[in-house]
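Visitor: With the hints as constraints, model all of the structure from the sequences given.
Residue numbers (the numbering used here), protein chains in the order written: chain E, 1 to 302; chain F, 1 to 344; chain V, 1 to 317.
These are calculated hints, taken from the structure and not from any lab test.
The beta carbon of each residue, even a glycine, is placed where N, CA and C say it ideally should be.
Hints may contain errors.
[To be verified] A few chain E residues facing chain F, derived, Cβ under 7 Å: (1) Tyr-27; (2) Asp-195; (3) Phe-196; (4) Pro-251.
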Amino acid sequence: MTLQSPSLDIGSAAPVKATPASAARGYWQTVRRRLSRDPVTLVCVGLLLLIVAASLAAPWLGLADPYKTSMLRRLHPIGSPGHLLGTDELGRDMLSRLVYGGRLSLFMGVTPVVCSLLIGGLLGITAGFLGGRVNMLIMRVMDVFYAFPSVLLAISLSGAMGAGADNTLLSLTLVFIPPICRVAESVTTQVRGFDFVDAARASGAGMLTIVRVHVLGNVLGPILVYATSLISVAIILAAGLSFLGLGVKPPEPEWGLMLNTLRQAIYVNPVLAALPGVMIFVTSICFNLMSDGLRAAMDVKG
Amino acid sequence: MDTIVPATDRGGPAQPLLLATGLRKHFPIPGGLLGRTTKVVRAVDDLSLAVAKGETLGVVGESGCGKSTVARLLIRLIKPDRGTMVLDGDPVDEPHGITVNELRRQVQMVFQDSYASLNPRLTIVETLAFAPKAHGVPAAEARERARDLLAKVGLEPANFADRYPHELSGGQRQRVNIARALALRPRLVILDEAVSALDKSVEAQVLNMLVDLKQEFGLTYVFISHDLNVVQYLSDRVMVMYLGKIVEIGHVDAIYGSPQHPYTRALLSARPSMDPRKRTKEAPIQGDPPNPIDPPSGCRFRTRCPYAEDVCARVEPVLADTGAQSVACLMYTAGSGHSKAARP
Amino acid sequence: MLLYALRRLIYLVPVAFGVSLLVFALVHLAPGDAISAIVPPDAPQEVVDKIKTYYGFDKPLPVQYFRWLAVTLSGDFGTSIGTGRPVAEEVGTAFVNTLILAVGATFLSFFLAIILGTAAAYAKSRTIDRCVTSIALAGVSVPHFWLAIVLVIFFSVELGWLPPMGLGPDNATGWHLDRAHLAHMVLPTIALSVIPLGVMTRTVRSTIKEILNMEFVTALQAKGMNDRQILIHVLKNAAPTCLAVMGLQAGNLIGGSILIETVFAWPGTGFLLNSAIFRRDLPILQGTTLVLAFFFMMLNLIVDVIQTTVDPRIKRT
Chain E
1 MTLQSPSLDI GSAAPVKATP ASAARGYWQT VRRRLSRDPV TLVCVGLLLL
51 IVAASLAAPW LGLADPYKTS MLRRLHPIGS PGHLLGTDEL GRDMLSRLVY
101 GGRLSLFMGV TPVVCSLLIG GLLGITAGFL GGRVNMLIMR VMDVFYAFPS
151 VLLAISLSGA MGAGADNTLL SLTLVFIPPI CRVAESVTTQ VRGFDFVDAA
201 RASGAGMLTI VRVHVLGNVL GPILVYATSL ISVAIILAAG LSFLGLGVKP
251 PEPEWGLMLN TLRQAIYVNP VLAALPGVMI FVTSICFNLM SDGLRAAMDV
301 KG
Chain F
1 MDTIVPATDR GGPAQPLLLA TGLRKHFPIP GGLLGRTTKV VRAVDDLSLA
51 VAKGETLGVV GESGCGKSTV ARLLIRLIKP DRGTMVLDGD PVDEPHGITV
101 NELRRQVQMV FQDSYASLNP RLTIVETLAF APKAHGVPAA EARERARDLL
151 AKVGLEPANF ADRYPHELSG GQRQRVNIAR ALALRPRLVI LDEAVSALDK
201 SVEAQVLNML VDLKQEFGLT YVFISHDLNV VQYLSDRVMV MYLGKIVEIG
251 HVDAIYGSPQ HPYTRALLSA RPSMDPRKRT KEAPIQGDPP NPIDPPSGCR
301 FRTRCPYAED VCARVEPVLA DTGAQSVACL MYTAGSGHSK AARP
Chain V
1 MLLYALRRLI YLVPVAFGVS LLVFALVHLA PGDAISAIVP PDAPQEVVDK
51 IKTYYGFDKP LPVQYFRWLA VTLSGDFGTS IGTGRPVAEE VGTAFVNTLI
101 LAVGATFLSF FLAIILGTAA AYAKSRTIDR CVTSIALAGV SVPHFWLAIV
151 LVIFFSVELG WLPPMGLGPD NATGWHLDRA HLAHMVLPTI ALSVIPLGVM
201 TRTVRSTIKE ILNMEFVTAL QAKGMNDRQI LIHVLKNAAP TCLAVMGLQA
251 GNLIGGSILI ETVFAWPGTG FLLNSAIFRR DLPILQGTTL VLAFFFMMLN
301 LIVDVIQTTV DPRIKRT
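Guide: If you want it as structure tokens, here you go:
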């Protein structure tokens, strides 16, 4: 009857010397382990890293000058000698412009989300933790922004402020603050209701200490996941604004703007005209899949 | 290990450790067209109690009677609308008294939900070290003390210190919660349904541990539970609550031996008996307790009381000493007009 | 329910006030002083004066705001700088056109989403589920204005099946229900419906999957109900959640069609807004934004009220 099971029994009274991390795994360790076993997410992250690295390293990749126009070589098809992906309506090298375009397109998509994450996250956590009148004030202001469809808000703000990358960043940040704030508020309100926050209050700790130790650790994860899911929206919106002529100004290479200027070419070289959109599409899919993977990996108890 | 010196006893054994007078907490319910407060839940209504040094005061009552609100009021997790509290002679949150933070140093609480009351992102040792660190104990020392505390509640530090809450069983988690309440060396510990969610066997172990800890640290307990047997086992005095008010309070033997308030009697007779010949045949109280939003006038129990008379709707009974215990019932108030009351 | 609707309506008043403030601020967000932002540099003096009096630019900002609010509330949205016609008229015509497109896209996307989402949730084979999730993912990830261009390239340029732009034949400005007008609607409707299709498919799939895992479904099976009867129970339970997301998506279609309308030169609010921005026609910009925001608010209110009536669990006191 005395079948000795291997020492997997955690509850055994046998003196265990300082248990290594394998027995006690922290939350983030679990998340990392789960992510490392998710091939789809890994591929997406790899692809995104590649796109980011290529656009950052663009000047050193031996590409053609993305600004150099040539009236003679306009709209060359894909695979033309010297121009792997052809040339655009002003004879500029498409490959070079697509790689360089990643810089602005990614920057314009990621920056507003990061800014809104900081501002909206701070506002939402404050509203959720303090509750009462502060919550009411912050969330009512957010409701005003919620009364606009997001695309309309972005376009109206950019339209009023005028074209330009800085105005696009500003208006997109404003567009993303309310949703992030709302998520942060609801998660924080939920966490604040847990007994461990009450226990921390009962221990006489200061409010900031409680927020730092007990609230942030539990709310940052969900807020972050939500924010990553917004990056793809932001990239598409930023490209859309540029497409309308409200964002980046020519001749800067940017995917949305390239789509706009190449529109006249759809009768001459349709594949070429669609290329920048493929880049937006791929980047956006990768961000979405990464966000999904992150969400799945973080959906664990404890 | 003791850098937090237990607050010294000042008023002598006769002075109550905690004296609460006229505590009231009403929760507003927004309603109406403009979301104005139109109704209030009268969770705790003019409740006064004294906790003697070294005793265990049991608090019983149906769910929704305000037991947990009392617990949270005593540790000031919620601010009372009205009422004063005095901790060993020091008024709380008043100009010449002690601050709420000082109160919380000396009064601690154990919550019912062992899982929700532990931060899932912190290891056990971090959870236990949090409060001392917040009070200025150096991190290394706080952790060292946390390990000692773990040993005190029967969890081997080497095995449990670096685990996360989800890796523990319910009983183990509740031991951690108890250890956390002790981390600041409090004088009074409020146990709010602290063992109710545990298996019976685990519950017994934890109860025995609580008795030992009380002895070792010289603690005073306020033990809140809906389990009458557990309260009887642990308590020196028992307080019976109904709809935010005390209906009867007294020594455990008096309450369990000769309950006087009709509600206490009903509650006790509802206990399943071990003796098959004494089995309860019918439910002693009918229905659910009335809505605390709009409690009955006069005596709040009158709607379910078999002895209710007209006078009970008009006159609100006050706690009156009947010898071994105090009862809030017109039947025990001389000259109240109730047919069973003594004539003046 | 009526009380709830009324309370929500009252609650909207401060929000609407904030919205009007924001729309008013749009003019003052413009670079330079407000007059030069509104009036083109080559405008005749009489236009400048007219606009000055309309906005009351000589007065302090709060006064300007309440003047503007009073005028706007009386139904006067001002005059378009570009065309000289009343803003209300311009926005009204465009709004109807936008609505036509949005309603089409709403039906298309919700119909497909419910079928696809339910199929994926029920699917025994992983292939079906994978296909549907991929479609949904593509829907939320695709830059829809790019998809619009691709659709034009395929169906108009290469195949020549469908008209590439406009509301109808011969630069039509009003919409009629006939073959030619419907043909013009096809591509914009498809392009517009991809985002709500993606979002809704995901929602329907996950909601139904969650419900299928609930114990009451097992209980229904144990009672001997067949799959079709159970499906009705499942859909009933999924309805409130899906409805809420649908409402938001339908609203976004109205406000979000600007890019699609630009690609297809569809004379809706988005197209109007876009041309207003480039003509710096701020009265039109304000009017369009205000009307769309108001519509969006009302739609949200209606969805919210319907949701509370459909879902017995939500009892909002």
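Visitor: Would you mind marking each hint as holding or not holding in the structure?
Guide: Verification of the hints:
{"no.": "1", "hint": "Tyr-27", "in the structure": "holds (6 Å)"}
{"no.": "2", "hint": "Asp-195", "in the structure": "holds (4 Å)"}
{"no.": "3", "hint": "Phe-196", "in the structure": "holds (5 Å)"}
{"no.": "4", "hint": "Pro-251", "in the structure": "violated (50 Å)"}
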